[in-house]
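Asks: Each chain is listed here by its residues.
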Amino acid sequence: MRVGVGLPSTVPGSPGSAIVDWARRAEALGLASLGVLDRIVYDVTERISLVTMVVIGPIRSTALLAKQAGSVDAISGGRLSLGVSIGARADDYEATEWPTTGRGRRLSEQLATFRAQWEEEAIGPSPVRPGGPTLLVGGSSGEAFARMARHGDGYVHGGGPPRAFAAAVAKALAAWTDLERPGRPELWGQGYFALGGDAATEAGAAYLRDYYAFTGPFADRIAAGNLTSAGALREFVRGYEEAGCDHLVLLPTVAGVEQVDRLAEVLA
Amino acid sequence: MRVLTIGGGPAGLYLALLLRKANPDHEVTVLERNPPGATFGWGVVFSEETLGALRDADRTTFDEITDTFATWDAIDVRYRGETLRSRGHAFSAIARVQLLGILQRRCASLDVDLRFETEVPTLDGVGGYDLVVGADGVNSTVRRLGEDAFGPSLDVHTTKYAWFGTDLVFPAFTFVFRENEHGLFQVHAYPFDGRTSTFIVECPGGVWQRAGLDEASEAESMAYCERLFAEDLAGHRLRSNRSLWTSFVTVRNRTWHDGRIVLVGDAAHTAHFTIGSGTKLAMEDAVALADALLQEPGDVPAAIARYEAERQPVVERFQRAAMESASYFEHVSRYARFEPIQFAFNLLTRSGRISHLNLELRDPAFVRDVDAGFAFASTGRTSALAPAPMFAPLRLRGLELANRVVLAPPPLDAATEGVIGDRYREALVDAGSIGAGLVLTELAAVSPEGRVTSGSPGMYDPAGQSAWADLLAEVHARTPARMALRLGHAGRRGATRPRAAGADRPLRTRGWPLLSASAIPFTRRSGVPSEATPGDLARVTEAFAASARMAVVVGFDALELDMGSGYLLASFLSPLTNLRSDAFGGSPEARRRFPLEVVEAVRAQWPGDRPLAVRVSASDLATGGAEIDDAIALAGELVRRGVDLLHVVAGQTIEHDRPDSGRTPLVPYADRIRNEANEPTLVGGGITTGDQMNTILAAGRADLCLLDPRSLT
Ligand SMILES: Cc1cc2nc3c(=O)[nH]c(=O)nc-3n(C[C@H](O)[C@H](O)[C@H](O)COP(=O)(O)OP(=O)(O)OC[C@H]3O[C@@H](n4cnc5c(N)ncnc54)[C@H](O)[C@@H]3O)c2cc1C
Chain W
7 MRVGVGLPST VPGSPGSAIV DWARRAEALG LASLGVLDRI VYDVTERISL
57 VTMVVIGPIR STALLAKQAG SVDAISGGRL SLGVSIGARA DDYEATEWPT
107 TGRGRRLSEQ LATFRAQWEE EAIGPSPVRP GGPTLLVGGS SGEAFARMAR
157 HGDGYVHGGG PPRAFAAAVA KALAAWTDLE RPGRPELWGQ GYFALGGDAA
207 TEAGAAYLRD YYAFTGPFAD RIAAGNLTSA GALREFVRGY EEAGCDHLVL
257 LPTVAGVEQV DRLAEVLA
Chain L
25 MRVLTIGGGP AGLYLALLLR KANPDHEVTV LERNPPGATF GWGVVFSEET
75 LGALRDADRT TFDEITDTFA TWDAIDVRYR GETLRSRGHA FSAIARVQLL
125 GILQRRCASL DVDLRFETEV PTLDGVGGYD LVVGADGVNS TVRRLGEDAF
175 GPSLDVHTTK YAWFGTDLVF PAFTFVFREN EHGLFQVHAY PFDGRTSTFI
225 VECPGGVWQR AGLDEASEAE SMAYCERLFA EDLAGHRLRS NRSLWTSFVT
275 VRNRTWHDGR IVLVGDAAHT AHFTIGSGTK LAMEDAVALA DALLQEPGDV
325 PAAIARYEAE RQPVVERFQR AAMESASYFE HVSRYARFEP IQFAFNLLTR
375 SGRISHLNLE LRDPAFVRDV DAGFAFASTG RTSALAPAPM FAPLRLRGLE
425 LANRVVLAPP PLDAATEGVI GDRYREALVD AGSIGAGLVL TELAAVSPEG
475 RVTSGSPGMY DPAGQSAWAD LLAEVHARTP ARMALRLGHA GRRGATRPRA
525 AGADRPLRTR GWPLLSASAI PFTRRSGVPS EATPGDLARV TEAFAASARM
575 AVVVGFDALE LDMGSGYLLA SFLSPLTNLR SDAFGGSPEA RRRFPLEVVE
625 AVRAQWPGDR PLAVRVSASD LATGGAEIDD AIALAGELVR RGVDLLHVVA
675 GQTIEHDRPD SGRTPLVPYA DRIRNEANEP TLVGGGITTG DQMNTILAAG
725 RADLCLLDPR SLT
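Just so you know, the protein sequences line up as chains W and L, in that order.
Following the numbering used here, the numbering of the first sequence begins with 7 at its first residue and continues without gaps.
Following the numbering used here, the numbering of the second sequence begins with 25 at its first residue and continues without gaps.
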């Protein structure tokens, strides 16, 4: 299993320059991948994998997203994994005036279009890899697993304890078999962390409660799952590894580039 | 805080006492329409795990409740004159009236304002309360008054039950099955104090009417049941207590709260009594709500939200298991031909919460009997050292499979012009070497146009045939496994690219014309198939027959015809993909006609001592599509035409279907097809462990299991 780190782009108090430092630091410390939430970033690194966890496909323009992802992949020399899902927030759709009904189908159509665009009608820089960026699909419904198996290269899980990840993996593999895909899907997991004692713990919890306020009382549970000690983090990493995870991305809940150093130290 | 609780059942009373206990400043009033000692029903069961939560919440009532408990560890299944006992289960039970008495006394000592014989007809006048709790049971008035907000759905079950008591003390939780001229009746009986047992009689609505119980008085009903269960009651009498012949109602609500009004217990949700969890869930609701109010002091809406978020997933899980269990009892006559030991195992594993391994840990001797019975049915030999069900052999016509495990290595899509390559051959040989009884190939096409992808194999020309022959020689020489060829025609899902970057992506160049029942493309990007003409159908039938002849020559041990996954034969079966107005479309019989003609043509070529399997779709998983009853009807037709095994799959008839996200979603389908069409089934879909296979097989839900190949790597 390879372990990467998320960029603090949605965490308050991280100006653009801090993101650049963060990315460089993560690469310098040998982390495997850089993850971002619902955004694609232009890149300042050279070797590290880039992954979106995840872009809400249905509220974006298909052509534009395909083009952006294609460009990032080309500029980075083929290091992008594009993770997409229908998302969990209704307000994302309200804000962009896309309807929530039919969003699953729209995402499926988008996935088919991305491939077609990268492979055939390449606008913008031509992709480095023949099929374009790696496509990861998330979600937990029967439809989502089937969509992943029909269109994706892998599955991206939405977070939770290793047991939840293992259950989702079983379903992802079953869907992959059902659609008779060769090989196996890449399996991506994620978890939140805040390292640095009580202050970090508190700030991380506050951030998560705010970020997930739309889930109502679940925000508390998500906040409670934040990995705030070296022990909890290591146990989490081991659990994911045992569950068959290929790539684990640990997402920060407090800004400050020292988080990357602490993470690398715990993982070392 | 001022709290009004409507209904003094387990949920209402327990909540009231927990709230007073947590904070003596709370004013808590309970309004109950009945007098203190009056209630319905007899004893209620608790399973072991319930008790921890109750101990932590209130030690006083916990000690009193557990003091009066009747406890036992065995389940008896009486069926066809035999009693099968399985041990190691932990159950306790208590008289409902006792439980309520304990809770009432504790409420009184904590100064809960308990008012009996006070029925609440409306919610006028609850204005002065900070929290109003609807704890008024399955027929909740509070829920009805707030219908628009709660969004209740009431699912009335078709079976009828009567909740009797008897002065016979049963030695175990006892299931009794008795059949008479009116039909099959069941009893769920268990002791709950030193003198009395609960005795619930249940039967399908039709049986109930045939027996004249719909018009019988209470005395006549009891007399009928005493006669029918005379042997089980051993001279003891039944007693009734205000619960005669009702239909269970599964209650669900979109939400459990409406502002400051919140539902708990049966008012919010019920779970069929055959999993005996309603009281437990009701009391745990009370614990969670009391807890949430403590965690969110002064913020009732936040507390309610927290309560609901915590309880909903738990309740849903129980409701799912309860539905499985209820459905089992509704359709139990499906298993009437089972031997008693298998019948008992099937019953114990009905809700998916207990597996072969769980039972083995609880009662090794019982599972030894299950395995011995299974092995006997498989071989006709008795043995004290029976293998686990997955390792029992299976005979299909002249073919003897060493075990029940089937492996189908993932396709590689690397065949050249339909000829399999070395890597795929090695994968099949490996699958045989690791011990699978049967190895199933990926779909081999009956013609070049029948291939799924440009890299799919075929069985239509000498080159392809000789590659398969090499493979078979190797598998048979090097492994004990038998080999089955999956044969089919991709229909409108053909001419796609190798699936490395996705499925159903049409070939850009060097594609081929597609054929289907009707001219509807599979996806927006797929080519439009032509509607098969009578000439096409004749050619396809002949291609299937010719491929079957080749499969005989190269030595396949079994043949599987693919009628699933939206391929050509499947496209005829589904009303979503077959819009024909000729003799091959319209009614279900007409839609089955062409696929059945193909079966007849293939069976005529396939040797009588080798089994023929068909991959059938149990459901299109789509609105307006074919459903399980269509699949059962199809299975019957297949059996009549000499098909020996049904490989049960589902979905992919159309692109945007709605797959179930359960763990092994195909097993219930395989179960129904096996036991209603009376034909062996093969099932896969999320099966990754030996324990899953042993449970499915021993329970008679399928005869062979397809192990997910990726679970081995
Ligand atoms: C046949 C059968 C067998 C069962 N066996 C088991 C078992 O073995 N184990 C188990 O755990 N569960 C069992 N249950 C389920 C269990 O009985 C219920 O889930 C449990 O009683 C729910 O508790 P409650 O407090 O929510 O509702 P109830 O126990 O129904 O209590 C509701 C109370 O509200 C009162 N009330 C109703 N309307 C009003 C009104 N308008 N004004 C004032 N008062 C009102 C009623 O009189 C009643 O006392 C069984 C149920 C059935 C039907």
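Simulated from the structure, these hints should not be mistaken for laboratory data.
A virtual CB, placed ideally from N, CA and C, is assigned to each residue, including glycine.
Do not rely on the hints blindly, as some may be mistaken.
Stretches of chain L that chain W covers, calculated by requiring three or more beta carbons in the stretch to come under 8 Å of a beta carbon on chain W [said to hold, decoys possible]: (1) 525-535; (2) 726-737.
Pulled a few chain W residues facing chain L out of the computed Cβ check, cut under 8 Å [unchecked claim]: (3) Arg66; (4) Thr68; (5) Leu70; (6) Lys73; (7) Arg109; (8) Arg112; (9) Ala118; (10) Ser146; (11) Gly148; (12) Glu149; (13) Ala152; (14) Ala176; (15) Asp184; (16) Leu185; (17) Arg187; (18) Glu192.
Asks: Any hints this thing doesn't respect? Which numbers, in order?
Replies: 3, 4, 5, 6, 7, 8 and 18
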